[in-house]
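Those sequence lines, one after another, are chains A and B.
Following our numbering, the numbering of the first sequence begins with 1 at its first residue and continues without gaps.
Following our numbering, the numbering of the second sequence begins with 1 at its first residue and continues without gaps.
Rather than coming from a laboratory, the hints here were simulated on the basis of the structure.
One or more hints might be untrue.
If you want the ones that stay clear, here's a sample from chain A, every Cβ over 12 Å from chain B, calculated [to be verified]:
| no. | residue |
| --- | --- |
| 1 | Ile-32 |
| 2 | Met-43 |
| 3 | Met-78 |
| 4 | Met-86 |
| 5 | Leu-89 |
Coverage of chain B stretches by chain A, computed from C-beta distances (three or more under 8 Å per stretch; other residues unrestricted) [as the list claims (entries may be wrong)]:
| no. | stretch |
| --- | --- |
| 6 | 126-134 |
| 7 | 174-186 |
| 8 | 206-219 |
Heads up, incomplete: computed chain B residues facing chain A, CB under 10 Å, no partners named [said to hold, decoys possible]:
| no. | residue |
| --- | --- |
| 9 | Ile-139 |
| 10 | Gly-149 |
| 11 | Ala-193 |
| 12 | Trp-200 |
| 13 | Ile-222 |
No residue lacks a Cβ here, since even glycine has one placed at the ideal position from N, Cα and C.
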Amino acid sequence: MNDPRRPDKKSRFKPPTSGAPSEDSTSDYMNILGMIFSMCGLMMKIKWCAWVAIYCSMIGFANSRAADDAKQTLSSFMLSISAVVMCYLQNPQPMTIPFLSST
Amino acid sequence: MMRKSLFISLLIVSLLLCFPSARSNRAPVDAGDNEFAEFEEFEDDKAASAENTVADEIEEQPHPSSKSAGLDDNEDEASVETEEADEFEHFTDEEEFEGFDQDRVKAKEPVDLKITNVPRHLYTSYESYFFEIITLLGISVYVLNYFFGKHKNSQLATAWWNCHKELLEANFSLVGDDGQGKEINEGILMKEAEHVYSLWCSGRRCCEGMLVQLKFIKRQDIINSIIRLSKPMNDQIVYTVQMEDMDKFVFAVAQKKTGITLARDMNDLAQYCQFKKVDKYAIPSQFSLLSEFEESTAAMLDSKVCSILNKNPQLVEYIHISDQYVGSRVVEQDKSAQPDAPTTVQKVLIICFNASERGRTTKQDMEKMIQCTNLVFHLMERVRHFTLSREAKEKATENRRKIDEALQKTLHQQRQEAAQQRREDKRREEKDKLMTIDDPDRARKLEDKERRRELKRKQPKMKQMKIKAL
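Modelling step: build the complete structure from the supplied sequences, incorporating the hints.
Below you can see the structure in the form of structure tokens.
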């Protein structure tokens, strides 16, 4: 009598629509930022940009959701790693940070 | 005379003494041990020939007295080449060499060493890669923190699930469906992100289903941990119940800051509710109240709810009950781009609890959340069985009708604007087409056609009656 369960009223879980914007878009911002820094590191051969791109990719990955496209996160990661590798292949000298380097 | 003979004898003795020692220095060296043996033999021959010339010069002097003056010369000539002889001395002979700069040979100025500063980027030692090492250390720290944070959140979620499984299975016939696959799955705690876990329950009276979301803080992201030092966050558990049937009212009680955010962001709260004073009700002053009707407020804030709010004011973040729930205004603005898209109105009961203060959640805190789940079931029953008075019902109906009319008007206006825009675009296209036509006759014909169409559109619409001639 006091059993609140109703087996005939079962309904399945409906995931939220993919078009709806998620509450947290940190992952998207970090992926885009990572790609921008990777391109700066590759094109302009700025080493610190390439390292920052790796950090952005990692933060984007940590904040990503299961529903997000893993390919985008992975491509951002690979791009940042390739930026670092290319920078050091072309110029193996240590990195200099502009506002910290001594004259 | 005696003196001169003595001198000559001394000279001969010194020569005899020096000759064996010089010869011992230039003793034949075993060629096997010394690579330069052949050059040393050459030097031996040279030295021997020099001594012979000196000895011959001495023998050529028969009378020492007559040659006293020349004896000094002989002394000079007979002086033995010592090891300290200047190697460049033969260059000073002006008959042999001309223009030799003596100063160059004898210059022994003190050397002033200057050590130039080599820029850091030209170093090649490990110490020069200082920034790279720091960066790699940062990456390793981030990765370590990711795994620890992920593990901690997973442990908390599992602890919550283990504590609540029995209670949920006693209240719902379906617990833990993920919506995947054809067959109904049970007992699945869905992982939406490393810090968000969801559970779907259905098959109960009063509701169509309940979604429980465990929204933990982002322990896996060290940047978020640093931000939390200045802006404290809590682990939250949100119960969203889709009500089967409820009366027409909108109500919310929340922490003050959250109340302001909800009033701004939630469409139904902004349209139907006003802020009410909390003095009349037995709840702490740190809460704010948004309500459409007083009787619904009094019904929802019963003794059980008030006791929980008073006992632990930090436990409840907000309670939101609405029959006109459409979501936040941000989502609505996105949908306004498509004015014809239908807006889904839901009847919901949403309660958000804080699992702990300042994110210091333990497994024991998850056990304490059972009282929160019981509160949800209590409110579910209360909302289902609450009915408004006749006047309140009429007022609620009137409010909803007005809001709906305003919405329809806005939609109609948007549709009109869209149609006007389409007409303008079409007219612009036709004008562009006219400009591109080369044939002037054809262009004139099209212009006339357009002018007639404009005139016809501008004319007032009148009924035309035909009168038959008698």
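Evaluated hints:
1. Distance check on A:Ile-32: its Cβ is at least 16 Å (rounded) from any Cβ of chain B, clearing the 12 Å threshold; non-interface status holds.
2. A cut-off of 12 Å between C-beta atoms confirms that A:Met-43 is not in contact with chain B; the least separation is 20 Å.
3. Every beta carbon of chain B lies more than 12 Å from that of A:Met-78, the smallest distance being close to 16 Å; the non-interface claim holds.
4. Annotated as non-interface, A:Met-86 keeps its C-beta farther than 12 Å from every C-beta of chain B; the closest such distance is 15 Å.
5. Interface exclusion of A:Leu-89 from chain B stands, the closest Cβ pair being 14 Å apart, more than 12 Å.
6. Counting residues of the stretch 126-134 of chain B whose beta carbon lies closer than 8 Å to any beta carbon of chain A gives 5, which reaches the threshold of three, so the coverage claim holds.
7. Counting residues of the stretch 174-186 of chain B whose C-beta lies closer than 8 Å to any C-beta of chain A gives 5; at least three are required, and the coverage claim holds.
8. Counting residues of the stretch 206-219 of chain B whose C-beta sits closer than 8 Å to any C-beta of chain A gives 5, which meets the bar of three, so the coverage hint holds.
9. A cut of 10 Å between beta carbons decides the hint on B:Ile-139: the least distance to chain A is about 7 Å, and the hint holds.
10. Checking B:Gly-149 against chain A: minimum C-beta separation of about 8 Å stays under 10 Å; hint holds.
11. Interface hint status for B:Ala-193: upheld, as the beta-carbon distance to the closest one in chain A is roughly 4 Å, under 10 Å.
12. For the restraint placing B:Trp-200 at the interface with chain A, the shortest Cβ-Cβ distance is roughly 4 Å, inside the 10 Å limit, so the hint holds.
13. Proximity of B:Ile-222 to chain A holds as hinted, the smallest CB-CB distance being about 8 Å (cut-off 10 Å).
Checked against the numbered hints given earlier, the structure satisfies every one of them.
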